[in-house]
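Reading the sequence shown from the start, the letters are residues 1 to 105 in my numbering.
Don't read these hints as lab results, they were simulated from the structure. Treat the numbers as computed from the prediction; the structure is a model and nothing was measured. Quick reminder that beta carbons are idealized off the backbone N, C-alpha and C, glycines included. Only true hints are included.
Quick list of the computed label-pair ranges, beta carbon to beta carbon:
(1) 8 with 60: 30 to 38 Å
(2) 40 with 8: 26 to 34 Å
(3) 29 with 93: 30 to 38 Å
(4) 46 with 23: 29 to 37 Å
(5) 47 with 94: 46 to 54 Å
(6) 57 with 36: 22 to 30 Å
(7) 83 with 54: 42 to 50 Å
(8) 94 with 32: 29 to 37 Å
(9) 62 with 89: 38 to 46 Å
(10) 19 with 48: 37 to 45 Å
(11) 86 with 20: 19 to 27 Å
(12) 54 with 84: 41 to 49 Å
(13) 65 with 93: 41 to 49 Å
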Amino acid sequence: MRLYNDLVRHEFGKGTTADELESMQNRAEEAVSDLVLGITAIGSLMFWATDNGNYTEEAARGDMRKIGAMLGTVGDVVLALNDTAANAGFSLSNGGKESKARAGK
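Between the sequences and the hints, there should be enough to build the whole structure, so can you do that?
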């Protein structure tokens, strides 16, 4: 399973094993770490890259690696948010149809 699947889940307790819950927790914690490291690396890269001779190539590579991990995580988050919005819209449109059908009965 991916972080994406965890983000679009609505019911964690129904039919989910302790191992699955632990895996979801681990993926979420890893995603938080990737996002924080990436944001920090962007700040570091922007700060140190501006005319600083002490910003080594090795430090730049490390920051770029962190930014890459963050961007990979952001992709899943964006996809999940987009699908969650679409699912909510679908539920709203179906809910409206069901409400009209109930009112007509």
